[in-house]
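Chemist: So the chains spell out like this:
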Amino acid sequence: MERVPAWLAARESYEPRPDRGRHLEKSLLALLHVLAALREAPGAGKDGARLNPALKLVSTFLVILLVSLSRGGLFLEAAAAFELGWLCLLRGETIARVLRRVLAAGLFALAILLPAYALGRGANLPFVCGKVLLALLAAAIFSSATGWPSMAAAFSTLRVPDVFVMTLDMTVKYISLLGALLLDMLCALKLRSVGRDERKMSSLAGLAGTLFLKSKDAAWAQYQAMECRCFDGRYAVSRRAGLGWRDAAFVAADLAIVAFFVAAGWGR
Amino acid sequence: MIELRDVSFAYPETDALRRIDLRIEEGDSVAIIGPNGSGKSTLLRLICGLATSVSGSYRFDGEAMTAARLSDPRFAKAFHRRVGFLFQDSDAQLFCGSVYDEIAFGPRQMGLCEADFDGRVADLVGLFGLRAVESRVPYHLSGGEKRKVALASVLALNPEVLCLDEPMGGLDPRTKSSLRALIATLNAAGKTIICATHDFEYVEGLFRRAVALSREGRLVRDGPYDEIMGDRDFLEAMNII
Amino acid sequence: MHIPDNYLGPATCAVMAVAVVPAWVVSAKKVAKELSREKVPLLGIGAAFSFLIMMLNVPVPGGTTAHAVGGTLLAVLLGPYAACISISTALLIQALVFGDGGILSFGANCFNMAFVIPFLGYFIYKFAKDRARSRRGEYIGLAIASYIAINFAALCGAIEFGLQPLVARDTAGLPLYCPYPLSVSIPAMLIPHLTLAGVAEAAFTVAIVAFVAKASPGIVYVGSPVKTKPLYALVVALVVASPLGLLAAGSAWGEWAPDAIKGVVTGGKSLGFVPAGLEKGFRFPAPMQDYGLKGLPDILGYILSAVLGVAVFIIAYKLLGLLKKGGKDDAMKAGA
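Chains as they are written, first to last, in my numbering: chain A, 32 to 299; chain B, 154 to 394; chain C, 5 to 340.
Because the hints were derived from the structure by calculation, they are not lab data. Take every hint as true, because none was put in to throw you off.
Across the chosen pairs, the derived CB separations fall in these ranges: (1) B:A268 - A:S207: 43 to 49 Å; (2) B:S210 - A:A37: 33 to 39 Å; (3) C:F131 - A:A284: 50 to 56 Å; (4) A:A41 - B:H351: 29 to 35 Å.
Taking lysine-lysine pairs in the PhoX-like style, the calculated list, with each CA pair at most 25 Å apart, reads: (5) C:K37 - A:K247; (6) C:K33 - A:K247; (7) A:K247 - C:K218; (8) C:K133 - C:K218; (9) C:K130 - A:K247; (10) C:K33 - C:K130; (11) C:K34 - C:K130; (12) C:K130 - C:K218.
Where is the CB? At the ideal position from N, CA and C, for every residue including glycine.
Kindly produce the complete structure, drawing on both the sequences and the hints.
Modeler: Written out as structure tokens, the structure is:
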């Protein structure tokens, strides 16, 4: 049996060297948040699962567009009623998630827009903020109530070419896979960062570079797996959802909001 | 040295560990065994501070290991130096441009002078037989070489405890044997070894103690390794073999 | 650098979306020709990589952190065409699933981050690389390329923002979207990018490419040197023409009075309109008459308020239920 060097057999006392910067912790938090959101997505599908996802996507786009086009508070009130009406149909947990997200993004928007007052351009700011919040709310409701598989199905229903849907599907799948690896890598780096890293950028670049090499290898392996299963460039999506009475009610609500937009003087 | 009392841990969808009571003394060599999904990796991550329990208490050397305590950078750094963790996937642990830099990463952080950390790297390269690959990029090494580099880079910090997550996974028999010998040497030199493992063929005589986790994440048995591994009925019932 | 919804008017969003479509089409065609079927998974996986890179916090001199975009990085590693598609895909996922970046402003975000950065960065890098005499020279060229590319993208974003007060105004001459003019938006966007984000991007890009080149020398994209001139022309044309397009489109949609424009352009504090605008702007949930109903029955207003009220009540009730349920869960866990 080989003998270990003396220093390895001795107990060491070490006073950690201080170091600035929390880039590892911030990266870890951001990544954990992303991976958690992607994990939750299938469960979130329970909320709006019975609505046709393409319909939800088109409605969300429609509402955001109409809000953006509007120039008066009347239509914004109607849009708020529409969106909150949709929101109150979701489960409590989803509502909390949506509101948390809108609040965070809304505060950020406020921070950007408030200085306009100091510049004498504060007029109309509540109106602008209202529009920003309504757009955020619509997008947050859509993404919280629609799992990724449903979103992909929505694109497929809207006749987006299959190769794009496949690319999107693969992207989401590999964000989870490569993201889990990146998470471990960040943890490993953090565990070994016991003092002062004089080459922080180099360490982080090593992580990113290794991630890229893994990505390339994964792509090659994925291609070979697909070849073995006789992939010929076509990607069949068998998730096209039908339409039910709930969808009809939803379409009616959409038509109502468009009618209101027109009746209110094209959003004035 | 390591004391877990009534520790539970849960992921968002599932419970991973339920009410674990575990004491590990300095110099111990413990195998954590159990079927897939029993929480072996989670237990190791908890011990090395990558996760904190939702309930119960974890004390390391008498010090309570709470999330608040671990958020203190100075304390966390000192702790992480003392408890080393070997990831299941070696690629997660290797990010430097050469084997030398990889092993030198920790000692450089610690502020050792060049002569000292150069000495450490040389010692570890010799110990692990990595001289031929010292200047190569770790990413393209073989699985066995990567595992050795990863372990060497952790040892460069001179930790007191080594948490190994499936160290034998994906290795050829010869590498398994040499790794086994190394781990035995480290234990003999006073390192505490805690190892999650499926691979029982190559770990004969390596562990004095075994801790068995059930599929639900409960600690069902804790005793001498040979005694537990000799109980075939138990192992089959637990889906360990 | 992700632009949320309602900072840019719909006209601007439409123009930017139209502007980025040629880039997508050209990239898709080039990728289909160059990469061949075996690299199809690479687009999705490249998009995942791009997405994850944008998550990372990069240390910046001074102790703070910044987010890298990695546009030039991807262009150098995968080629500008694949980079354009991959980054666009990552941006789409970010917008739809995470609300990072708006849905209407998706075109603008893609223009800035998936077109300007990879193409400009790649061409500057190639220009430098063909003339560099050493590895070191190449990396300096790469640093400059990625620095210029991200700052130019920030400039594009700043112009998109800054034109809003000019092109999108209501009857009173008040801004409907971003209220900051070019004189504010340009320094506001450029200063952080010139000092922090650009430096981080450059350093990060060079460090990663150096690592990858050392680890796998053959892996870095080698583009064909021919036919870059038409693409240069396309890039320049699009980048120069877009603000003009924005102005032209805006004037078709907007209703600005020349006097009000004068007030904005000269940057003076037009005290004349601020008080009146403030009065109007603050009355958000106001009686219907002030918003010019033009024949809509009052009952609609009441119905709206009722719907809003009921919705808010249901939401509050469900949130309260969550709190109670949270308490029960804790009790259950303690008892288990």
